[in-house]
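2 protein chains.
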Amino acid sequence: MSEAVTPRSQDYSAWYLEVIQRAKLVDYGPVKGTMVIRPYGYALWEQLRDQLDRRFKETGHENAYFPMFIPYSFLQKEAEHVEGFSPELALVTHAGGKQLEEPLVVRPTSETIINHMYSLWIKSYRDLPVLINQWANVVRWELRTRPFLRTSEFLWQEGHTAHATPEEAHEETVKMLQVYADVAINEAAMPVIPGRKSNIEKFAGAVQSYTIEAMMGDRKALQSGTSHNLGQNFARAFETRFQNEKGELEYVWQTSWGMSTRMVGGIIMTHGDDKGLVMPPRLAPVQVVIVPIWNKEEDKPSVREKVLQVEKMLRDAGVRVKSDLSEQETAGWKFNEWEMRGVPLRIEIGPKDVQKDAVVFARRDVPGKEGKQFGIPTAEVAPTALQWLVDIQAALLKRATEFRDDNIIDVSSHNQFREVVESGKWARCWWAGSDADERGLKEETGATLRCIPLDQPGGAGRCFLTDAEAKEIALFAKAY
Amino acid sequence: MSEAVTPRSQDYSAWYLEVIQRAKLVDYGPVKGTMVIRPYGYALWEQLRDQLDRRFKETGHENAYFPMFIPYSFLQKEAEHVEGFSPELALVTHAGGKQLEEPLVVRPTSETIINHMYSLWIKSYRDLPVLINQWANVVRWELRTRPFLRTSEFLWQEGHTAHATPEEAHEETVKMLQVYADVAINEAAMPVIPGRKSNIEKFAGAVQSYTIEAMMGDRKALQSGTSHNLGQNFARAFETRFQNEKGELEYVWQTSWGMSTRMVGGIIMTHGDDKGLVMPPRLAPVQVVIVPIWNKEEDKPSVREKVLQVEKMLRDAGVRVKSDLSEQETAGWKFNEWEMRGVPLRIEIGPKDVQKDAVVFARRDVPGKEGKQFGIPTAEVAPTALQWLVDIQAALLKRATEFRDDNIIDVSSHNQFREVVESGKWARCWWAGSDADERGLKEETGATLRCIPLDQPGGAGRCFLTDAEAKEIALFAKAY
Chain A
2 MSEAVTPRSQ DYSAWYLEVI QRAKLVDYGP VKGTMVIRPY GYALWEQLRD
52 QLDRRFKETG HENAYFPMFI PYSFLQKEAE HVEGFSPELA LVTHAGGKQL
102 EEPLVVRPTS ETIINHMYSL WIKSYRDLPV LINQWANVVR WELRTRPFLR
152 TSEFLWQEGH TAHATPEEAH EETVKMLQVY ADVAINEAAM PVIPGRKSNI
202 EKFAGAVQSY TIEAMMGDRK ALQSGTSHNL GQNFARAFET RFQNEKGELE
252 YVWQTSWGMS TRMVGGIIMT HGDDKGLVMP PRLAPVQVVI VPIWNKEEDK
302 PSVREKVLQV EKMLRDAGVR VKSDLSEQET AGWKFNEWEM RGVPLRIEIG
352 PKDVQKDAVV FARRDVPGKE GKQFGIPTAE VAPTALQWLV DIQAALLKRA
402 TEFRDDNIID VSSHNQFREV VESGKWARCW WAGSDADERG LKEETGATLR
452 CIPLDQPGGA GRCFLTDAEA KEIALFAKAY
Chain B
2 MSEAVTPRSQ DYSAWYLEVI QRAKLVDYGP VKGTMVIRPY GYALWEQLRD
52 QLDRRFKETG HENAYFPMFI PYSFLQKEAE HVEGFSPELA LVTHAGGKQL
102 EEPLVVRPTS ETIINHMYSL WIKSYRDLPV LINQWANVVR WELRTRPFLR
152 TSEFLWQEGH TAHATPEEAH EETVKMLQVY ADVAINEAAM PVIPGRKSNI
202 EKFAGAVQSY TIEAMMGDRK ALQSGTSHNL GQNFARAFET RFQNEKGELE
252 YVWQTSWGMS TRMVGGIIMT HGDDKGLVMP PRLAPVQVVI VPIWNKEEDK
302 PSVREKVLQV EKMLRDAGVR VKSDLSEQET AGWKFNEWEM RGVPLRIEIG
352 PKDVQKDAVV FARRDVPGKE GKQFGIPTAE VAPTALQWLV DIQAALLKRA
402 TEFRDDNIID VSSHNQFREV VESGKWARCW WAGSDADERG LKEETGATLR
452 CIPLDQPGGA GRCFLTDAEA KEIALFAKAY
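Chains as they are written, first to last, in our numbering: chain A, 2 to 481; chain B, 2 to 481.
Since the hints were made in silico from the structure, they are not lab data. Mixed in with the good hints, there may be bad ones.
As the list claims (entries may be wrong) - Straight line, CA to CA, 25 Å or less: simulated BS3-like cross-link-like pairs of lysine-lysine:
1. Lys370/A / Lys353/A
2. Lys276/A / Lys426/A
3. Lys313/B / Lys323/B
4. Lys33/A / Lys399/B
5. Lys313/A / Lys323/A
6. Lys276/A / Lys25/A
7. Lys25/A / Lys124/B
8. Lys443/A / Lys479/A
9. Lys297/B / Lys353/B
10. Lys58/A / Lys323/B
11. Lys124/A / Lys78/B
12. Lys78/B / Lys99/A
13. Lys58/B / Lys313/A
14. Lys78/B / Lys323/A
15. Lys99/A / Lys33/B
16. Lys276/A / Lys301/A
17. Lys78/A / Lys426/B
18. Lys399/B / Lys313/B
19. Lys99/B / Lys33/A
20. Lys58/B / Lys323/A
21. Lys426/B / Lys443/B
22. Lys58/A / Lys78/B
23. Lys58/A / Lys313/B
Claimed, not checked - Anything over 12 Å on all C-beta distances counts as not near chain A; from chain B, calculated:
24. Val93
25. Gly98
26. Lys353
27. Arg405
C-beta atoms are modelled at their ideal positions from N, C-alpha and C, and glycine is treated no differently.
Please build the complete structure, drawing on both the sequences and the hints.
Below, the structure written as structure tokens:
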């Protein structure tokens, strides 16, 4: 049965939890806080993964794989790192029928074990840069979990690079942030804002963290990818050194950067509507669904033949297409089902369409008649579908960008800040506060400093809180 | 420095361990029994993975991802399964700063957790078949480990399917075995023998296990991929049932099948020689390496230009090509290095080649002058290289097949069996022995029943051990 989901406008959280299960993206695992990524959800992740992986390789990175079990002592070598991650660690204490001498940490991230290996591999400036990425599962034992957004185990990629100079490390950090922004904006149609994290919000062990911040449909922020300049912090902890051109030993300069299955949640919460998911065409596991409309038994053979003909034309044109030829469900049921699952473009084919040698197109993102076009000649199906997919992708990005811009408010006083945050919107403001000021705002309003955008107006202004001169604007919001 | 590796003919085990490290395929992880898969090794795994993944999708399977942590009680539900895997389990006992109420097993394989989910998802015959594959890391705490062949953590894929009838499950089991054989033979150039496992050697929890068995360069057998018919064993343990067309509740019929990073070890040990690795062209991360030969400074610009021109021609033709333009090493050093790393085809370009607008080809698998061809015109480089890669692939398979056939000996007496096994070869024999007989032979000779080949001569013979009438021949060998 395809019952309607709770409308997004009525209860956002219920909508999210219902739609991801109903669309068979995900299910709950038997252990609290874990998720099962079902084929439809995994196919979305595969599309995202392939887009990232291609860009990583184009920018000179190679994939590798490091062990998941890390000696506990490794984490203790970098003080901020162990402090940040200790509360979330899962520990293996027994293996092969025996208690282990030292407990093993199931990786929450791999800076420590990778530095251990880099310290063995890197000898000379000729070995640099090292540009490695890993696709892996990681474990962070969280108290409050939500599928895709925060789960005790999740899938991600983590890039780990080592460089001869701080300038190179900085350049790499920003370059990979831009790769994330490119994928988010141009593949996922998520108009993210790239920026720098504040001191409080940075990664445990980093010198500087960068982020892409996205606005979800309920206007909460989602940190969707991060890129860290690690400086020499881990290199010092692990003695990762190289001989420079002058023959001197130096610590390497490092970066790390990651994007995870959290992005799947981000895509859903950016584009979904009351009817369910809306997949951005470039990442949609199914870009086009073909639904036959047959009331009489005698119509079935000719309609089915037409469906398969159109399916082949689309597949040959490189479109990810599916025909729903099942006979147990009505066409109306199928429309609802595939709308709920977010397929960007539906093609309907009935006996009259067969006669006219034409088909009907319906856009997922434009409901009702407005999004429909009748009488598209069969011969034009493939080029028209390709164009519609481009149009839908652009329309989703445009809509999300307008929504984002409508919900970011320039703020110049503490009172106004409170009001804006209270209303669920983002506050953009000149900022020169201290770490304590930032913590105070979080306690008072629940809003955190999401980022100091890379794109700055320039000049200076007055900090809305302290009235001190501020050189940068910052974005504050409640976040997932 | 590119020092020579221990020759394979001198000490096979030392050769293997040296060459995989020297070629930067792998390194030892900090925790005993773990490995780091380095970029060159991971790139080989990616090629293999893509070939498998494409075939899984072509045969109707979808990828998904299930949690790595399995409640200990799940394993206990299937008696043989827990007995088989208990000695190798790694247990998470603490997480998020607390002791867990029930220890969690880090998956050694996922039949149990997947059945738990299938029991929730499968209701009716309309939900069948379920054809799911997972790419994942698994953990089996082994006492004696060796990179790629047996490590406490490894990467693999595990297919898990559920069907309405035992016939379908059997068909799926054999179909996926054939997919493995296809990939091994036609991509990895490993002439594996597909067959059935004996009762003793089957997977813990299976009704019947199938395997592809490969002969390594030292003539030991390597189980390179397995496909299991699980019958209803796990379905009964987890109450995985469906309503059939008559409205009756039935347990589903299941299969599982897996191939792992062990195959990387298999490829190395099948084709490698005294100089190092020999990569089969279809899976080689680098299929062609171009080495410039420049003695005088003035030759460098024109040689470099030619190298880059040829590189582009090959890349445009879809060849995975690398130019080694580093100036720190001599051409001779580079020859040795890329031979050691197993690149199937080397192209040499010097100043005279530039003048003649031609290049030199050298095959990795045919040493010395015999494998070289001079004066290949630049315009013909791409088609010639593609043809050589095909030829090299075929030559590797032919050589491995001849080696295999030379080392499988038909055996008709217990004495002869002992001699053949003692000499390191495989014994092929009519077999009608009991489980106890099979165990006796293992204790006596170290040989195990590798498989009962699918390809049987037909008819009947006398069991070499018991003299009873035997309907099948079996293969026995020492194995990794």
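Okay, the hints, checked on the actual structure:
| no. | hint | in the structure |
| --- | --- | --- |
| 1 | Lys370/A / Lys353/A | holds, 18 Å |
| 2 | Lys276/A / Lys426/A | holds, 24 Å |
| 3 | Lys313/B / Lys323/B | holds, 10 Å |
| 4 | Lys33/A / Lys399/B | violated, 53 Å |
| 5 | Lys313/A / Lys323/A | holds, 10 Å |
| 6 | Lys276/A / Lys25/A | holds, 15 Å |
| 7 | Lys25/A / Lys124/B | holds, 15 Å |
| 8 | Lys443/A / Lys479/A | holds, 9 Å |
| 9 | Lys297/B / Lys353/B | holds, 12 Å |
| 10 | Lys58/A / Lys323/B | holds, 14 Å |
| 11 | Lys124/A / Lys78/B | violated, 51 Å |
| 12 | Lys78/B / Lys99/A | holds, 22 Å |
| 13 | Lys58/B / Lys313/A | holds, 17 Å |
| 14 | Lys78/B / Lys323/A | violated, 39 Å |
| 15 | Lys99/A / Lys33/B | holds, 14 Å |
| 16 | Lys276/A / Lys301/A | violated, 29 Å |
| 17 | Lys78/A / Lys426/B | violated, 51 Å |
| 18 | Lys399/B / Lys313/B | violated, 31 Å |
| 19 | Lys99/B / Lys33/A | holds, 14 Å |
| 20 | Lys58/B / Lys323/A | holds, 14 Å |
| 21 | Lys426/B / Lys443/B | holds, 15 Å |
| 22 | Lys58/A / Lys78/B | violated, 44 Å |
| 23 | Lys58/A / Lys313/B | holds, 17 Å |
| 24 | Val93 | violated, 5 Å |
| 25 | Gly98 | violated, 6 Å |
| 26 | Lys353 | holds, 30 Å |
| 27 | Arg405 | holds, 30 Å |
Violation of the numbered hints given earlier is confined to hints 4, 11, 14, 16, 17, 18, 22, 24 and 25; the remaining hints are satisfied by the structure.
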